[in-house]
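Sequences listed follow chains A and B, in order. Position 115, counted from 1, in the first sequence is what the numbering used here calls 115; the numbers after and before it change by one each time, with no gaps. Position 337, counted from 1, in the second sequence is what the numbering used here calls 1337; the numbers after and before it change by one each time, with no gaps.
Read the hints as simulated data drawn from the structure, not as lab findings. What you are looking at is a predicted structure, and each value in this text was computed from that prediction instead of being measured. The beta-carbon is built from N, C-alpha and C at its ideal position, and this holds for glycine as well. Certain hints may be false.
Quick list of in silico lysine-lysine cross-link-like pairs, DSS-like style, CA-CA up to 27 Å [claimed, not checked]:
1. B:K1408 / B:K1535
2. A:K118 / B:K1316
3. A:K9 / B:K1548
4. B:K1548 / B:K1498
5. A:K118 / B:K1476
6. B:K1535 / B:K1548
Listed next, the stretches of chain A that the computed footprint assigns to chain B, with coverage defined by at least 3 CB atoms under 8 Å from CB atoms of chain B [as the list claims (entries may be wrong)]:
7. 26-40
8. 59-68
9. 96-108
10. 117-124
11. 133-147
What follows is each chain in one-letter form.
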Amino acid sequence: MTTGEALRKRVRQTLRDQPYPTVTVLSSLLAVQDDMGYLTEEAIQEVARFTGTTINEVWSVASFYLNFRFTPPGDHTVEVCWGPACHLRGAQTLLHDILGQLGLSGEGETGDSHISLKLNTCLGACTQAPVISVDHGLMGRMDSERALKAIQGASHPRRRERRHSREVR
Amino acid sequence: MTEAFAVLQRKAQERWRELNSHPWVRVGTALCGQAAGALDTLEALRAELTRQRVEATVSQVGCLGLCYAEPLVDVQLPGGPRVLYQRVTPDQVPDVVQGHLVHGEPRRELALAAVEGSVDGVPRLSDLPMFQGQVRIALRNAGHIDPTDLDHYIARGGFEALDLALSKMSPQQVHQHVMNSKLRGRGGAAFPTGVKWRFLMGAPGPKKYILCNCEEGDPGAFNDKGILESDPFTVLEGMVLAGYATGATNGFVFIRHGHEGPIERTRRAIQACYQAGLLGSHILGSSFSFDIEVSLTGESYVAGEETALMESIEGKRSMPRFRPPFPAQVGVWGRPSNINNVKTLAYVPEIVRLEGEWFSRIGMQNSTGTAIICLSGDVARPGMVEVPFGLTLRQVVEEMAGGVPDGKRLKLLQTGGPLGGVLSGELLDTIIDFDEMARAGAILGSGGVIVASEDSCAVDLTRNLIAFCQLESCGKCFPCRLGMSHILEVLERICRLKGRPGDLDLMRRVGQNMQVGSLCGHGQLGFNPVSSALKFFGEEFRVHIEEKRCPTGRCQGPFVGPERTRRWAHLHGESPTAAVYPEFVANVGKV
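Could you put together the complete structure from these sequences and hints?
Here is the structure:
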């Protein structure tokens, strides 16, 4: 576990290293979540300090956008698209089978924290519906069999390279 | 021509000649390609080229629009035909490399089309059903150039318009071309772009903003991301021209966080433009300066609404602002701003280069130019096409995209994003034209067309659309925030075959309140999916409610959606307020 101070240091570094010239509360929160995988209490405080605003203000932004999370994600992220194009091509069947396999009833982490399941409103590849993504690698024209195999193979080393660094070291 | 641009153009043309004088392989790695496995194919290709010791340039390109045939690999030998191979799996890569690149023999069995030159037994690209009838203006470079390589863009006529504008035209003349083109905004509202620009021209400086909207939250629409992934330069050039015409100084390209392809390619394109002096101070040695950066937003559909977009750029919650004041007076950070969609801006360079009248002659009288249509759902050839206004939906859906596969009947179309609504297949003969479509009760929106076969259930699809609208309500206006939840709850009930006699009237009442009581389009149009579905498929709703059955059987089993769309599931009571505020109910008591 990282101590509070080490965590704060890392957050401050991330905030300074933001790639875009215009720095805002939102850009700061996105940068921290990209780095850590989620937002901690300390991160919210540091963003408030860095952007010269209140913790309240930062919370209001963090709690608004659907992509922010406040608990650590699983080791791997699986996203399933439930947009209308994927819906028509069988996303619900896919979802039911994936949920069954993972022992989940909706979005969230598996008991062993191995996998985070997220429902995405549109992964942007509607022509390949139904689409899922495993550790941010898109996979289209999915059926349950291929999807479950891809999720099982999520710890495969080559896939691991493609994902963002998520763990707090 | 400016001295600076002459140098850039000479260099680009030399590089382009050089590229074409060696074996060149292009792999489509836009989002559609990636989802089809293009990255694995690319990896296999690189390995195979090394193994066979073939020296070839490998470029990652964007989307040609033939998404059904992805992953696409496009092979060209100097002096030979340029052949497009379809659905290339890593296993097939050695075959293509060995056959075409080593022996110079195109692999006909795997080929989809000849892009340039001809190969016996392989159709020409322009003869493919999906390409026939296309007029590619915004997509002119898509699939042909490396979207991060400025030389590719310049070699194909890129930045000629900007050079022309800065050396020979006044800002008013650039604006006049856009006026003459009769270009209308492609984000959905179809407002005349020239008129919008004039609002900004009249606003005081010194700082004014051009905002490019690529939030594109509409499921089923991917043309904005497609353009930025395939040719971000045309959008950037369009923004600089817009800046020159209106006296703006800064630009933002607004993209949703997480879509790495479009973000990364746009970022690299911006960098390349700065290095070449096409962005920054004194562009091409002129007195005009303009800066562009990428602005990322979190996941929020409403962030695509123009005033919510400005809130998001400022780093706040993306909730719509009251209008007036309009963005052209009080925009981002209180400065005058102009918001255009990606597609709108992508047309601007060609409009300036080839003159506004040229553009106005394409398409229809009041819908000039082309429509960029994204086809998905139950069609044989899902993809993206750019067609002149005036074709019918049937021509696009049936002739170009091949209609519904397996001999099934086309039941409904979902156009214009979730707020656009559900349309009957009877509307297929509607002409693609902003006004014609509006008269028929259809919305072109930003160009998404999702096709559904006879197997689909109109009620089930409507529930999916409303679940999206409910999830994405920003919460600022209570008629939208509560209304969407209420309607979703009722639809859920109907889908579970537990609908009640008054349910349709109840939804209509809530829908009317949302329409009159909401600040932005999300609440105002949020009832569209239900009202349009009721109009065309009322009988299906009736059967669900009165006969307690779903004719297609699609409504069986619980619907899984994001947590926020499922609050009803935890309810003891039946109140929509409780659905949205379980904490309130728990703490304060029964509502």
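Violations among the numbered hints, reported as their numbers in ascending order: Per hint list: single violation, 3.
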